[in-house]
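*Asks:* In order, the protein sequence lines correspond to chains A and B. Using our numbering, the first residue of the first sequence is number 1, and each one after it goes up by one. Using our numbering, the first residue of the second sequence is number 1, and each one after it goes up by one.
These aren't lab readings, by the way, just hints derived from the structure by calculation. Where is the CB? At the ideal position from N, CA and C, for every residue including glycine. Just to be clear, a hint being listed does not mean it is correct.
[What the hints assert, rightly or not] Reference listing, derived: stretches of chain A covered by chain B, where coverage requires no fewer than 3 residues with Cβ under 8 angstroms from a Cβ of chain B:
{"#": "1", "region": "49-56"}
{"#": "2", "region": "87-96"}
{"#": "3", "region": "183-195"}
{"#": "4", "region": "497-505"}
{"#": "5", "region": "634-642"}
{"#": "6", "region": "695-704"}
[Said to hold, decoys possible] As a list, the in silico DSS-like pairs of lysine-lysine whose alpha-carbon atoms are at most 30 angstroms apart:
{"#": "7", "chain 1": "A", "residue 1": "428", "chain 2": "B", "residue 2": "823"}
{"#": "8", "chain 1": "B", "residue 1": "655", "chain 2": "A", "residue 2": "371"}
{"#": "9", "chain 1": "B", "residue 1": "823", "chain 2": "A", "residue 2": "572"}
{"#": "10", "chain 1": "B", "residue 1": "431", "chain 2": "A", "residue 2": "762"}
[Said to hold, decoys possible] Chain A stretches covered by chain B per the calculated footprint, using a threshold of three residues with CB under 8 angstroms from any CB of chain B:
{"#": "11", "region": "110-118"}
{"#": "12", "region": "414-421"}
{"#": "13", "region": "734-741"}
Protein chains: 2
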Amino acid sequence: MERGFKLLSSLVLSSTLLTTVSIAAGGDGTLDKVMKDRGLSEADVVRAAKTYNPTGVHDKYLIFSSGGQSGQVLVYGVPSMRILKYIAVFTPEPWQGYGFDEESKKVLDQGKIRGKDMTWGDTHHPSLSETDAKVDGKWLIINDKANPRIAVIDLSDFETKQIVVNPVFKSEHGGSFFTQDSEWIIEAAQYAAPFDNNYHPIEDYKESYRGGVTMWKFDPKIGRIQEKDSYTIELPPYMQDLSDAGKKVSHGWGFTNSFNSEMYTGGIEVGMPPNEAGMSRNDTDYLHVYNWKKLAEVAKDPKNVKVINGHRVVPMDIAVKNDALFLIPEPKSPHGVDVDPTGEYIVVCGKLDTHASVYSFSKIQALIKNKDYAGTDPYGIPILDMKKALHGQVELGLGPLHNQYSPVDGEIYTSLYVDSQVVKWNFKTLKVLDRVNVHYNIGHLAGMESNTADPQGEYIIALNKLSIDRFNNVGPLHPQNHQLIDIHGNKMDLLVDMPIPLGEPHDAVGIRADKLNPKVRYEMGTNSRTEQISEGKTLAGQERIERKGNDVKVYATLVRSHINPEHITVNKGDNVTIYMTNLERAEDETHGFTVDNYNVHASVEPGKVATVKFKADLEGVFPYYCTEFCSALHLEMMGYLMVKDPNKKYESAQKLKMATMSKEQLKAEYDKTVAVNKATDDVIQSVVKFLKDNHYEKHDVVKNLVTDALDQYGKIPEQKKLSDAAIKEGDFEKAVLFENMIWQYMVKTADVGIRAKDLLVKFVATKQSPEAAKGEVAFNEGGCSGCHVIGKVSSGPDLTGVLGRHENGEKWVADFIKSPKDKFEDPYVKAMIDYFNLRMPNQNMKDPEIKSIIEYLKWIDSNANLF
Amino acid sequence: MERGFKLLSSLVLSSTLLTTVSIAAGGDGTLDKVMKDRGLSEADVVRAAKTYNPTGVHDKYLIFSSGGQSGQVLVYGVPSMRILKYIAVFTPEPWQGYGFDEESKKVLDQGKIRGKDMTWGDTHHPSLSETDAKVDGKWLIINDKANPRIAVIDLSDFETKQIVVNPVFKSEHGGSFFTQDSEWIIEAAQYAAPFDNNYHPIEDYKESYRGGVTMWKFDPKIGRIQEKDSYTIELPPYMQDLSDAGKKVSHGWGFTNSFNSEMYTGGIEVGMPPNEAGMSRNDTDYLHVYNWKKLAEVAKDPKNVKVINGHRVVPMDIAVKNDALFLIPEPKSPHGVDVDPTGEYIVVCGKLDTHASVYSFSKIQALIKNKDYAGTDPYGIPILDMKKALHGQVELGLGPLHNQYSPVDGEIYTSLYVDSQVVKWNFKTLKVLDRVNVHYNIGHLAGMESNTADPQGEYIIALNKLSIDRFNNVGPLHPQNHQLIDIHGNKMDLLVDMPIPLGEPHDAVGIRADKLNPKVRYEMGTNSRTEQISEGKTLAGQERIERKGNDVKVYATLVRSHINPEHITVNKGDNVTIYMTNLERAEDETHGFTVDNYNVHASVEPGKVATVKFKADLEGVFPYYCTEFCSALHLEMMGYLMVKDPNKKYESAQKLKMATMSKEQLKAEYDKTVAVNKATDDVIQSVVKFLKDNHYEKHDVVKNLVTDALDQYGKIPEQKKLSDAAIKEGDFEKAVLFENMIWQYMVKTADVGIRAKDLLVKFVATKQSPEAAKGEVAFNEGGCSGCHVIGKVSSGPDLTGVLGRHENGEKWVADFIKSPKDKFEDPYVKAMIDYFNLRMPNQNMKDPEIKSIIEYLKWIDSNANLF
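For reference, chain A alone in the conformation it holds in the complex:
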């Protein structure tokens, strides 16, 4: 198998852009054929073109979508509708080590309720942080309806950093919504329940059950909710639903709707009509309008608050006394309340009404100022007259739910659940402009930075609740269907369906991708959840195992392709902590880690420290390994945890005699390995020379790769020292292994170095003429590249310089392509046939193709130094 290495070396220099092929299309009927084969219309092709991203092309927008009952957040690109990541938020997720490493367990532990682990969430409304009512790309928050909590995700690394539990709600829905400078977060309750943790009979619903809105103080600089500066506004048990924060002219105010102003409490089991009947009896429910800014001041006075479960609650009567809480009737069982980009209009849609209602903030303020009330509710809250507060209403269709704004003045998009439509209308003129069918039963819809002061337009996404027949059947539990709608033109155009493979997303928000700038690595030694340097930070050479009584702490490092240490022996019952530092700097060079059967897993990105902890309660031998396919030698990136029972005696079983190598054989293997390394190093040096000669440092992306390759290469001298030391001790066996390690580092250097070289070639090659480009296509399409690889001897000769190899070279080559067999007796061709044991076939090339290929060969020769 020595040949193996030689070919490896010979290949190092020759891997190039040889297969960068573009196929000819359009003009030659290829597209027509594909359309016919796949039954596509011309409109389909336009839609395909509007949503297709060629390899490596990024999306213009990113969508952050709730993952519904998966408890996670998903991120996808628009217009390609490709899901880029499920971010672990409320549910343990092993790929990310979330809930399986110690750092993330501390985040999840913040989400315990009354001491109980909550291992999932029903995520509903994601919200992006804002500065001056525009999204700023810094923080994302999302709420959990089932276990009233809010999580904070850092958009610099897409990791969950904080979870806070609502101390008084038992359920919530109308969170989470940032205010316009992210100084507060609105979280409204859903199902009313007692604020305390005691039993109260359902008969006491009106007296003891409460709704509310919690205003969480948020520090946008550090991205953390400040729990003790936060407070809750007590509200009647009307079952609050969605909320939105006022902005610009309405900044300081919050809006929260409700769906059970009937205060019906059901009783189907005792012959009462179900909740769905009783809760939708009235024609109107209440929009809650509150001045949270004023109430934040009010709450500072301890006389104005009740402290429940350690949390400040502003009672309704205090809020009313301070002119900070009002109700406005709104159509039956509303869903969305959405403040327009100016802050003046508040659009509410009632799912059991066919209208959208547009309220005017200035009209509301005038009513408040003049104390022009239509009455009070049973709890003494002033009610404003609906008609006087309305700018107007417009009939949209069946089951209108949510609204998204566009940059066009007055333009708004509303989802219709029952009609399964998106309707475009104007909330100023109150005219319907367009509608499009979606599939099926749309809930929320998501625009791009839509409900901010700076909506981007371009696309609307329908978050459909049913997909039914849209996709291949994958069992009784169907995917959801997010449909992308193009809103550039007068008519909306439904572009494409996107199945959601996990969870039922409830709501989603879009952001221009260029507003995000996430990191690709951590500062070496970082605990990513606290963003501090970890106590477990371990650099190369600092690896160690420390013991204190039953506590064993392992300070380990991970790097392509070994874990240090490779053996950990502990006693049964020991508490084992393994800190792992990923020493890599290269982008995407993540290592994973698990100890078999001990149910721990960590994802350790470059620079990160992740920690796993377990009680070694099972005796035995347990492999541990890197769970990412991080390099060619990833399978070998492993070690053994050995758990001894301190009360047992063990005897060695070493009986098996293996044949051993003689000193001479070992010396010969050593010499061979050193020679192989020398040859490989020559190859690497030639790559390095190529890179330097062509100024790799001018191209950032190449420079990063070279840095990584040199990182690997830089580890060689240390191994060489160890090898030399072994030789001094006469231990050839050990020396062979260290030389082998040197070869491994060389392979890793070459792996990355080749990628760097390939990229550099693309940067520095002279531009192809259109004719040469056509030639490259013909060369590849025509099958030439099956045997001829540029810059390399393959199944046929290397064609670099072929035009100069023969007299009147261009004609010679053209003739040969046109009719190979005419030259089979030519001495040069004959020699080649003998050498390769192959005759060049006639590929039936047309004259213009041959002409183009000659141009391509000329281009190759002009860049011969690059191949």
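Based on the hints, put chain B in the right spot on chain A.
*Replies:* For chain B alone, coordinates are given in the frame of chain A:
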């Protein structure tokens, strides 16, 4: 808000196919503009067309991919590369209720190791069940490398039904592979470890650590592994890697390669070179070749097996004595071993060698028959001479790993990890045919039914381990990149990149979608994990709460949109079991269920019974609700769990006096509600008439919807009875609520009924002429539909019959479109302007467009009965 209802009624009949718009493309420059805007080449457009699925179009192939460290399996479509589902397998997943309901907990409990919960898995190799070496679409299995286990997934509902733990391995990799009639499953170990559960020092590696292959007996009829009929072949601690089962001529044999025939055990922490150096020292490792069929017979004799951890193990010497175990040298550190469609060729690629090695099964058999051995290994296993067993070798490039076959004789596709390429070659002629660059560092590659006796060709998917720059940056942890490659032509063509949002898929298998036929609902009352009728099956009317001491059992039903019961009161400390039966029959009508703060969740598809169980250890009031947006009233689908402390005394807090309605007011509300219901019913009856008149029963998809609508409608008489009974008792309040419930059922009937009607219209409408179709486009694109909705009065008059409304109607309409203001004084137009308070604008239509619109209007009139 009465108007709300009236419009609802008026809309019921008019929701139609009005927005089924197709935009004109291609000829009019739209495509060119999109290409320019998005920087697409003609080749890009072809690739877009090759991968785009218009709304509702299904994929030809489904891919089942390992979810890597997520512990799940993902399913996606080809060529659209849309992920359809993450199937929960080894990791709890709340959306599916997996690990959150009792039924699935029992499946996960099967996967406990030595009594410990394993809450994740490192899934590697999925395998589809086969009949006669062809995939049959019945079962899918997948292995867990970290905690050696195999899971069985039922492709009739895409749920995990069984998990078995390997009783002797501590780690595995070369599973799971079905034999050709799915009668056995091959599972090979990875990191060698003692078969027993005791500590053995690493120095005893060669004596006490073992590799092996477990042969699991599988019953393809019921889809379950039969643990006690299974056995393990003991192997040397060479660290077995991938496996494949022989087929056809090689049926009965198994092939498993290895990567540490050096038996190196590392020691980096004590100054030894790391495993990656020591384990790749030799130029060759061993391919294990074994006759599992013969060994299954051998294992039946208790004298031939050792029983370890209750499991039968065939020792190496017994296997050798029975001529059933052999070794063949294979190139350094191989990854893939792949048996060709005929079973004669076995292709092995060594990641540290540049070659693929093609072994011949008949040559291997000849060597075995003639006992032509090159020697034995230290454990006495006969070694066959590599050269004599080889059909040949071919140089492919750097880091060849895995192979997939195509229907073309001899054609094979191999992944090159270091070169980041897929190479096409011929394993018979040993010629390289083509190569394509992928991005980056490909591991496995997946063809369609590829390594079976009937490979389908068409596509190859590259499962790349790094994506680096391919996608928008989503933080240090990158998605993986699956790239779809078209292999229809001579040249491979890279079509599209697909990010993997969760986990690092290791391997994937493809199947023709038409081989799958999953169900969309369960037989009413089914426990989906056992496929038996559940003890908790509850039909409408059977709902109840049963108590026995501290055990409370709730038999509940779920149906749009209520949970029965709505109140559950228990004592603190009670053990609560809630059985839920989803009474729905409609496709995709799933209900979810959770009790707030009790960390349970269930996904209850139509017909299914799911059970949640918890100890009511927290006092208080806890809402429970349906977590799926199942219908317009989904928020109201809720109830309360109330947990009382039996040691506490509670006093009622009822003090609040609410205004109550007088008997007269209640009577008036009752009358109004009954009238509304009557009017709504008239509307429904007219829809029903339309459906019947147009023979809805002829169209299956419409028929299913009508069945569902009538299901809802059928619930009304019972409510009417309750309403009438309340009236008899003089309880108008209660009667109003039951009438309201009737209205809710009517809304649900209408919801589905409208969808049925819309669909039916598409089936029965006369076909549009091309001219009329153009007219519809022009009508929509030109903005007419902004005000005019066919079949309905909207912001402008209904245009149904407009051509007959005026003398010389066609000309009248054409003139009006061309210059509206010329007719503003026309009495009819004047009346319309007054009525709608709008003047028709000039949309600058061209003459041919106007002509087409007239044709469209004619088509409308010919189908006027449908709108």
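*Asks:* Against this structure, judge whether each hint is valid.
*Replies:* To see whether the hints hold, each was checked on the structure:
Remark: the region 49-56 of chain A is confirmed as covered by chain B, as 8 of its residues place a Cβ nearer than 8 angstroms to a Cβ of that chain, reaching the required three. Coverage of the region 87-96 of chain A by chain B holds. Counting CB-CB distances below 8 angstroms, 6 residues qualify, and the rule asks for three or more. A count of 4 residues in the region 183-195 of chain A with a Cβ less than 8 angstroms from any Cβ of chain B is obtained; the coverage claim is therefore met, three being the minimum. For the region 497-505 of chain A, the proposed coverage by chain B is satisfied: 7 residues have a C-beta within less than 8 angstroms of a C-beta in that chain, meeting the threshold of three.
Residues of the region 634-642 of chain A lying with their CB closer than 8 angstroms to a CB of chain B number 7, which satisfies the three-residue condition for coverage. Here's how the region 695-704 of chain A fares: 1 of its residues keep a CB closer than 8 angstroms to some CB of chain B, so the rule of at least three is not met and the hint is violated. With a C-alpha separation of about 28 angstroms, the suggested pairing of residue 428 of chain A with residue 823 of chain B holds against the 30 angstroms cut-off. The suggested pairing of residue 655 of chain B with residue 371 of chain A holds, with an alpha-carbon distance near 29 angstroms, which does not exceed 30 angstroms.
At most 30 angstroms may separate the alpha-carbon atoms for a hinted pair to count; residue 823 of chain B and residue 572 of chain A exceed this at roughly 95 angstroms. Distance hint between residue 431 of chain B and residue 762 of chain A is fulfilled; the C-alpha atoms sit about 28 angstroms from each other, no more than 30 angstroms. For the region 110-118 of chain A, the stated coverage by chain B holds: 5 residues have a C-beta nearer than 8 angstroms to a C-beta of that chain, and at least 3 were required. Closer than 8 angstroms: that is the beta-carbon criterion, and the region 414-421 of chain A has 5 residues meeting it against chain B, so the requirement of 3 holds.
Counting residues of the region 734-741 of chain A whose C-beta sits closer than 8 angstroms to any C-beta of chain B gives 6, which meets the bar of three, so the coverage hint holds.
Violation of the numbered hints given earlier is confined to hints 6, 9; the remaining hints are satisfied by the structure.
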